[in-house]
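Each protein sequence line maps, in turn, to chains L and F.
So that you can map any letter, position 147 of the first sequence is 147 in this note's numbering, and since no number is skipped, the others follow by simple counting.
So that you can map any letter, position 115 of the second sequence is 115 in this note's numbering, and since no number is skipped, the others follow by simple counting.
In short, the hints are calculated from the structure, not lab data.
Any given hint could be a false lead.
Any copy, or any two copies together, can satisfy a pair, since identical chains are not distinguished.
[As the list claims (entries may be wrong)] Keeping only pairs whose Cα atoms sit at most 27 Å apart, straight-line, the calculated DSSO-like set for lysine-lysine is:
#, residue 1, residue 2
1, LYS81, LYS26
2, LYS5, LYS26
3, LYS99, LYS26
4, LYS81, LYS99
5, LYS144, LYS81
6, LYS22, LYS5
7, LYS136, LYS81
8, LYS256, LYS31
9, LYS150, LYS99
10, LYS31, LYS5
11, LYS121, LYS26
12, LYS136, LYS150
13, LYS24, LYS81
14, LYS5, LYS121
15, LYS121, LYS99
16, LYS144, LYS24
17, LYS121, LYS136
18, LYS26, LYS209
19, LYS5, LYS24
20, LYS26, LYS136
21, LYS31, LYS136
22, LYS144, LYS31
23, LYS136, LYS22
24, LYS212, LYS22
25, LYS99, LYS136
Computed from a predicted model, the values in this text were never measured in an experiment.
There are 2 protein chains.
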Amino acid sequence: MPLDKTWYTEEWAGQGSAISLKIKDKVHDEKSPYQRIEIYETEAFGTLMTLDGLVMVTDRDNFVYHEMMSHPALFTHPDPKRVLIIGGGDCGTLHEVLKHETVEQAEQVELDERVTRVAEKFFPELCESNHDPRAKLHFTDGIKWVADAKPDTYDVIIIDSTDPVGPAAGLFSETFYRNCLRALRAQGIVVGQSESPLFHAELIRSVQKSFKAAGFRDVGTLFFPQCTYPSGWWSATMAGKDGSIAEFRNQAAAAKSFATRYYNHDIHVASRARPEFLR
Amino acid sequence: MPLDKTWYTEEWAGQGSAISLKIKDKVHDEKSPYQRIEIYETEAFGTLMTLDGLVMVTDRDNFVYHEMMSHPALFTHPDPKRVLIIGGGDCGTLHEVLKHETVEQAEQVELDERVTRVAEKFFPELCESNHDPRAKLHFTDGIKWVADAKPDTYDVIIIDSTDPVGPAAGLFSETFYRNCLRALRAQGIVVGQSESPLFHAELIRSVQKSFKAAGFRDVGTLFFPQCTYPSGWWSATMAGKDGSIAEFRNQAAAAKSFATRYYNHDIHVASRARPEFLR
Numbered sequence: 001m002p003l004d005k006t007w008y009t010e011e012w013a014g015q016g017s018a019i020s021l022k023i024k025d026k027v028h029d030e031k032s033p034y035q036r037i038e039i040y041e042t043e044a045f046g047t048l049m050t051l052d053g054l055v056m057v058t059d060r061d062n063f064v065y066h067e068m069m070s071h072p073a074l075f076t077h078p079d080p081k082r083v084l085i086i087g088g089g090d091c092g093t094l095h096e097v098l099k100h101e102t103v104e105q106a107e108q109v110e111l112d113e114r115v116t117r118v119a120e121k122f123f124p125e126l127c128e129s130n131h132d133p134r135a136k137l138h139f140t141d142g143i144k145w146v147a148d149a150k151p152d153t154y155d156v157i158i159i160d161s162t163d164p165v166g167p168a169a170g171l172f173s174e175t176f177y178r179n180c181l182r183a184l185r186a187q188g189i190v191v192g193q194s195e196s197p198l199f200h201a202e203l204i205r206s207v208q209k210s211f212k213a214a215g216f217r218d219v220g221t222l223f224f225p226q227c228t229y230p231s232g233w234w235s236a237t238m239a240g241k242d243g244s245i246a247e248f249r250n251q252a253a254a255a256k257s258f259a260t261r262y263y264n265h266d267i268h269v270a271s272r273a274r275p276e277f278l279r
Numbered sequence: 001m002p003l004d005k006t007w008y009t010e011e012w013a014g015q016g017s018a019i020s021l022k023i024k025d026k027v028h029d030e031k032s033p034y035q036r037i038e039i040y041e042t043e044a045f046g047t048l049m050t051l052d053g054l055v056m057v058t059d060r061d062n063f064v065y066h067e068m069m070s071h072p073a074l075f076t077h078p079d080p081k082r083v084l085i086i087g088g089g090d091c092g093t094l095h096e097v098l099k100h101e102t103v104e105q106a107e108q109v110e111l112d113e114r115v116t117r118v119a120e121k122f123f124p125e126l127c128e129s130n131h132d133p134r135a136k137l138h139f140t141d142g143i144k145w146v147a148d149a150k151p152d153t154y155d156v157i158i159i160d161s162t163d164p165v166g167p168a169a170g171l172f173s174e175t176f177y178r179n180c181l182r183a184l185r186a187q188g189i190v191v192g193q194s195e196s197p198l199f200h201a202e203l204i205r206s207v208q209k210s211f212k213a214a215g216f217r218d219v220g221t222l223f224f225p226q227c228t229y230p231s232g233w234w235s236a237t238m239a240g241k242d243g244s245i246a247e248f249r250n251q252a253a254a255a256k257s258f259a260t261r262y263y264n265h266d267i268h269v270a271s272r273a274r275p276e277f278l279r
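Let the sequences and hints guide you as you build the complete structure.
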């Protein structure tokens, strides 16, 4: 059955497959200096934001991604106080990070201010913590930010980027990871989104290798479902500056003081299990 | 971007969403006494079989589903010798089951013989074990089969069904589960596909309740990615006749004598982790 124009469709590049969401209305469309930002009201996924035609976030399923980009890394660090988010313009990761009481400052460095301004209007729940006194929003190049960062500044760096093409490609490079290593304090943790295990297994292996080559002591990938991202299955790759990332603050995670919808202690452990084809 | 007629599209019923696969050719189309069976060659997912327009199996991603329908149940049972598969007409589950050396007989009870005959032609890899002397293929009603089964016959029953509508609806009922309980021997295990955690959380809860109400001692759900099924995230619910299903033959699973592509010991454990919204 061909779909008509009441559907938004994202073709998954090079994968001969596509996801479509039924649209009630398009409520915003602009070209920022960096990209086209569109907002739709969908029939069953709430509000949808696309960047250059690719799904960035929907009301219905963003919780999995944002929780998995934040809580495993923050519960792996023994005492995360200063957090840096690269990208993450929809502010959903920032919102999750600030649920942690140990965090004293969370900086978000997003290239495109318009993404955040549009998210504030259309995704108010994700932006609830933007005015938390611990939050600092910067709108500039994250690659340069990390290159210029003082050594030993951050406890956790979260690379909440778009796909590794265009301006985001540099966020998947060994050079960038080496700068992250330098910007991290002792016991620092970095985590970056690393695409689909089904579609991009080679990229995941390459990200793991680049973290190792950059000098991180331990590297591992987390796997989780993400309905509206290519293949419906996603990953984040985490690395420890000078220690193992296998251990985490189990008891704190099991007794966490805040609500989540996907993440919990058992999910944290489970997300580390590697499918046989990736061993 | 609307997709043209070179795409196969499945609209995910009631979910305002759809998946599409780019088609090279349609190579088979028939109406069996039960349903329409279509086979396509896709651009990136190999061969695709649809039943009444719904994705049943693709070359590229069926391994996750078939492995997760088989190996957790068979490694949870202490010594599975007799296995019954209800549905499973593409024979992929049968193929996985027969990888277990303990299995002396595996019976597959599929309503529609044409599904199996078409699979034999277009999915030869899934049907490799159809002529294993331990395999017995029956083409009849699985609900009646289990109702008529002698008590204490099977060690493992696998309900590899289509969605809970039409003829498959009865495979999600307490009455059917009670008949499974009776047909199972001591220490018996049943597992049934239980749809998408994101789309059908209520169904999963209802399946769990029905297994309990039917008299199973322990019930739990397994979660796994499945790209071409609705939401890209799927589940199977497993129940133990008279014991816990938390324990399994860890060492046998860790040292399994056969190849898999998704399943392994750690994935088995991980698949049991419940997302927070399902706790």
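Going down the list of hints, with the structure as the test:
In this homomeric assembly, LYS81 and LYS26 never come within 27 Å of each other (Cα to Cα): the closest approach is 40 Å inside a single copy and 57 Å across copies. Proximity of LYS5 and LYS26 under a CA criterion of 27 Å is satisfied in both settings, with 11 Å inside one chain copy and 25 Å between copies. Proximity of LYS99 and LYS26 under a CA criterion of 27 Å is satisfied in neither setting, with 32 Å inside one chain copy and 51 Å between copies. When the C-alpha separation of LYS81 and LYS99 is checked against a cutoff of 27 Å, the pair qualifies only within one copy, where the shortest distance is 12 Å, while the shortest distance between copies is 50 Å.
In the homo-oligomer, the alpha carbons of LYS144 and LYS81 lie at most 27 Å apart inside one protomer (22 Å), although the nearest pairing across protomers, at 62 Å, exceeds that limit. In the homo-oligomer, the alpha carbons of LYS22 and LYS5 lie at most 27 Å apart both inside one protomer (9 Å) and across protomers (18 Å), since each shortest distance falls under that limit. With identical chains, the CA atoms of LYS136 and LYS81 are at most 27 Å apart within one copy only, with a shortest distance of 14 Å there and 62 Å across copies. For the identical chains of this complex, LYS256 and LYS31 are neighbours neither inside a copy (41 Å) nor across copies (54 Å), given an alpha-carbon limit of 27 Å.
For the homomeric pair LYS150 and LYS99, the shortest alpha-carbon distance inside one copy (26 Å) is at most 27 Å, but the shortest distance between copies (56 Å) is not. For the identical chains of this complex, LYS31 and LYS5 are intra-copy neighbours only, at 21 Å inside a copy versus 31 Å across copies, given an alpha-carbon limit of 27 Å. Only within a single protomer do LYS121 and LYS26 lie at most 27 Å apart by alpha-carbon distance; the minimum there is 14 Å, versus 46 Å between protomers. With identical chains, the CA atoms of LYS136 and LYS150 are at most 27 Å apart within one copy only, with a shortest distance of 17 Å there and 68 Å across copies.
Proximity of LYS24 and LYS81 under a CA criterion of 27 Å is satisfied in neither setting, with 42 Å inside one chain copy and 53 Å between copies. In the homo-oligomer, the alpha carbons of LYS5 and LYS121 lie at most 27 Å apart inside one protomer (25 Å), although the nearest pairing across protomers, at 37 Å, exceeds that limit. Taking the closest pair of Cα atoms, LYS121 and LYS99 come within 27 Å of each other only inside a single copy of the chain (22 Å); across copies the shortest separation is 55 Å, beyond that limit. Within a single copy, LYS144 and LYS24 get their C-alpha atoms no closer than 40 Å, and across copies no closer than 45 Å, so neither meets the 27 Å cut-off.
Taking identical chains as interchangeable, the C-alpha atoms of LYS121 and LYS136 lie at most 27 Å apart only when both belong to the same chain, with a minimum of 18 Å there against 61 Å between chains. For the identical chains of this complex, LYS26 and LYS209 are neighbours neither inside a copy (41 Å) nor across copies (41 Å), given an alpha-carbon limit of 27 Å. Taking identical chains as interchangeable, the C-alpha atoms of LYS5 and LYS24 lie at most 27 Å apart whether they share a chain (11 Å) or sit on different chains (23 Å). For the homomeric pair LYS26 and LYS136, neither the shortest alpha-carbon distance inside one copy (31 Å) nor that between copies (55 Å) is at most 27 Å.
Taking identical chains as interchangeable, the C-alpha atoms of LYS31 and LYS136 lie at most 27 Å apart only when both belong to the same chain, with a minimum of 25 Å there against 62 Å between chains. Only within a single protomer do LYS144 and LYS31 lie at most 27 Å apart by alpha-carbon distance; the minimum there is 24 Å, versus 61 Å between protomers. Taking CA atoms no more than 27 Å apart as the test, LYS136 paired with LYS22 passes in neither setting, with 36 Å inside one copy and 44 Å between copies. In this assembly of identical chains, the alpha carbons of LYS212 and LYS22 never lie at most 27 Å apart, being 42 Å within a copy and 37 Å across copies at closest.
In this assembly of identical chains, the alpha carbons of LYS99 and LYS136 lie at most 27 Å apart only when taken from the same copy (15 Å versus 56 Å across copies).
In the structure shown, a violation is registered for the earlier hints numbered 1, 3, 8, 13, 16, 18, 20, 23, 24, in ascending order.
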